[in-house]
Amino acid sequence: MPSDNLVEIRHVSFSYRNRSVLRDISLVIPRGKTIAIMGGSGCGKTTLLKLIGGQIRPSVGDVVVNGETVNRLDNASLYRLRRSMGMLFQFGALFTDLNVFENVAFQMREHTNLPEEMIRDLVLMKLDAVGLRGARSLMPYELSGGMARRAALARAIALDPMLMMYDEPFTGLDPISMGVIGKLIRRLNDALGLTSILVTHDIEESLKMVDYVYFISDGRIEAEGTPDEIRASTQPFVHQFVHGEEDGPVPFHYPAPAYAVDLGLPDRESR
Amino acid sequence: MKANVISRLGRTTLDSIGRLGVASRFLMMILTRSATSWRRFGLIVREIYSSGVLSLVIILVSGLFVGMVLGLQGYQTLETYGSAESLGVLVALSLVRELGPVVAALLFASRAGSAITAEVGLMKTTEQLQAMEMMAVDPIARIIAPRFWGGVISMPLLAAIFSITGIYGGYMIGVRLLGIDDGAFWSQMQSAVDFREDIVNGVIKSGVFGFAVTTIALFEGYDAVPTAEGISRATTRTVVTSSLAILALDFILTAFMFRG
Amino acid sequence: MERTLLDFWVGLFVAAGLAALFALALKVSNADSFGGGAGYTVTASFDNIGGLKVRAPVKSAGVLVGRVSDIRFDNKTYNAVVTLRLDSKYQFPRDTSAAIMTSGLLGEQYLALEPGADERNLKQGDAIRITQSAVVLENLISQFLYNKASDASSSSPEDAQHPGAKP
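So the sequence lines, in the order shown, correspond to chains A, B and C.
Under the numbering used here, think of the first position of the first sequence as 1, with each following residue one higher.
Under the numbering used here, think of the first position of the second sequence as 1, with each following residue one higher.
Under the numbering used here, think of the first position of the third sequence as 1, with each following residue one higher.
In short, the hints are calculated from the structure, not lab data.
Zero decoy hints are in this set.
Non-contacting residues of chain B with respect to chain C, defined by C-beta distances greater than 10 Å in every case (computed):
{"no.": "1", "residue": "PRO226"}
{"no.": "2", "residue": "LEU247"}
{"no.": "3", "residue": "THR254"}
To give a feel for the contact side, a few chain A residues facing chain B, derived at Cβ under 8 Å:
{"no.": "4", "residue": "GLY53"}
{"no.": "5", "residue": "GLN55"}
{"no.": "6", "residue": "TYR79"}
{"no.": "7", "residue": "MET87"}
{"no.": "8", "residue": "PHE89"}
{"no.": "9", "residue": "ALA93"}
{"no.": "10", "residue": "PHE95"}
{"no.": "11", "residue": "PHE106"}
{"no.": "12", "residue": "GLN107"}
{"no.": "13", "residue": "HIS111"}
Quick list of simulated restraints, FRET-style, between CB atoms:
{"no.": "14", "chain 1": "B", "residue 1": "THR227", "chain 2": "A", "residue 2": "GLU117", "range": "38 to 46 Å"}
{"no.": "15", "chain 1": "B", "residue 1": "GLY21", "chain 2": "A", "residue 2": "ASP174", "range": "45 to 53 Å"}
{"no.": "16", "chain 1": "B", "residue 1": "GLY207", "chain 2": "A", "residue 2": "ILE176", "range": "52 to 60 Å"}
{"no.": "17", "chain 1": "A", "residue 1": "SER13", "chain 2": "B", "residue 2": "VAL225", "range": "20 to 28 Å"}
{"no.": "18", "chain 1": "A", "residue 1": "TYR254", "chain 2": "C", "residue 2": "ARG3", "range": "49 to 57 Å"}
Since we're looking at a predicted model, the values are computed, not measured.
Glycine included, C-beta positions come from ideal geometry on N, C-alpha and C.
With these hints in hand, go ahead and build the complete structure from the sequences.
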């Protein structure tokens, strides 16, 4: 009997070219929930998704997905596991030489021997779920940012995964598209019985729709809780993040020598 | 200062040797994961279209002009020795042995090679390769290998088309324009050009060039820094590296093939 | 692009490429006569082969019948041993003679076969007995001058030392 947690990350550290990106992170993602992983730019959020997808391996620790330790799988088992994962990339990452229909049909053609008619029906169902049934024959460069994101979402759920990962799903979208994507993510999660992980720094949009939030800063988990707990939090970091304050635990200034020294005014105080 | 220069030279050398190693591993990966693309030959056909068919115009036009220039220049020199009839030999041998494979490969590198690098580099930059990997589809087998075989198949065909067009260009200039005897042009050519020594060796050359150019182009694209600037740099590197590789390989192959 | 149209273009391209290769083989080179398969080799030794090269044509009655496939020096007889590869379409009597000729005054050298009258034909590995070496221009000139000199005998042998006396 697999545990209630679909994903467990146990004491994971990861460094890239001697730069430590993640430091001893542990977190669990329960089945059926929508989880947000938040943090400033470049804090290692995307790295976490890559670890779960098995694209990179942790320096220390284990990543367990559905009872399998991802970082110990061989290539064949990893590919088998990935068929049950879907991932929405930051800008969609639609295949530029295929139209919307073929993009969604891609995995079906690669991994199944379904007859053409069934593929057609399945693709149209997925496209209908994201509202793009009429855009099936458009090429990716003809789509707006929000439409591309939705088409990519249809592609990611093509084989009905059990785990969906979203890498910055709201970046670069207008408020309307943002709301549409947010509702879609939530609706798909509940309708298809998925488990979803959102990596984002868009606090407003994600607090509206997730069940639980992890805050990452500087490679560590800084805070966690339900959206209500987060909103009410008095922890300085969370407070700064939620309210978008310019200075706080995350400093406005990149570490630098004193301003006056840099400007060549060393004797200002003595005057 | 001097030590700095030396250390930089050493680092550059080590870097390039390292890159060569990575490129060789990359090539091994392509070769061992090619089974899929041969099973689904449609993938290769698509790539023959984009690297072969789309290079056809530049190959035809350049071949014709190179042949016509050879005809003009060769005629003037041979005429001095009263052996203008040997023009066919001169044009055919230069094209079949050297110019056909080499110039066609250089054109191929700048037309198809750069396109391959830009395409693969863009797919990397827009995370398409990663997305494919996350969909449990191996990008080497699905994207890289078909492009590799498409290029390797196209190159000898392009070189043969280049040579034939060039010979026709030489024929137009020599026979039609300058009035060399039609029969002498072809018969001298036929008695001087050997099938195994010249034609087969020329085809082998172009096969080797196709192999080298496509590998370099794919590697540069796959290895590109995933930014717009990175792609443009990788594209430039493809053209420069493959041109140098073509000329160096040509020297080595010629030394082995035509020693007699 | 429509799938079938793409297939059509690729098919056309491959056909054109193969046609070009065939044209190179048949029209430009001599693959029709010597593709490499059907042929037999015989040897002939010469005192001097002049400027004969590997792959030089072998002709009989002016018709191309084969090519020189190998030239080496025999260390016992101090002769040049030439291997000819002949098209098996053409058969020659065993007492055929071979001579090294020049096409035109400055042209390339080739090997001419003059058929004999023997009943039996040359087979793979046979040697041609009767050979005539290449004419070396320098020898020819000095021979000519020598004859001139001995004709004029008594008068002045020094004349022979003057090439200006016109060959």
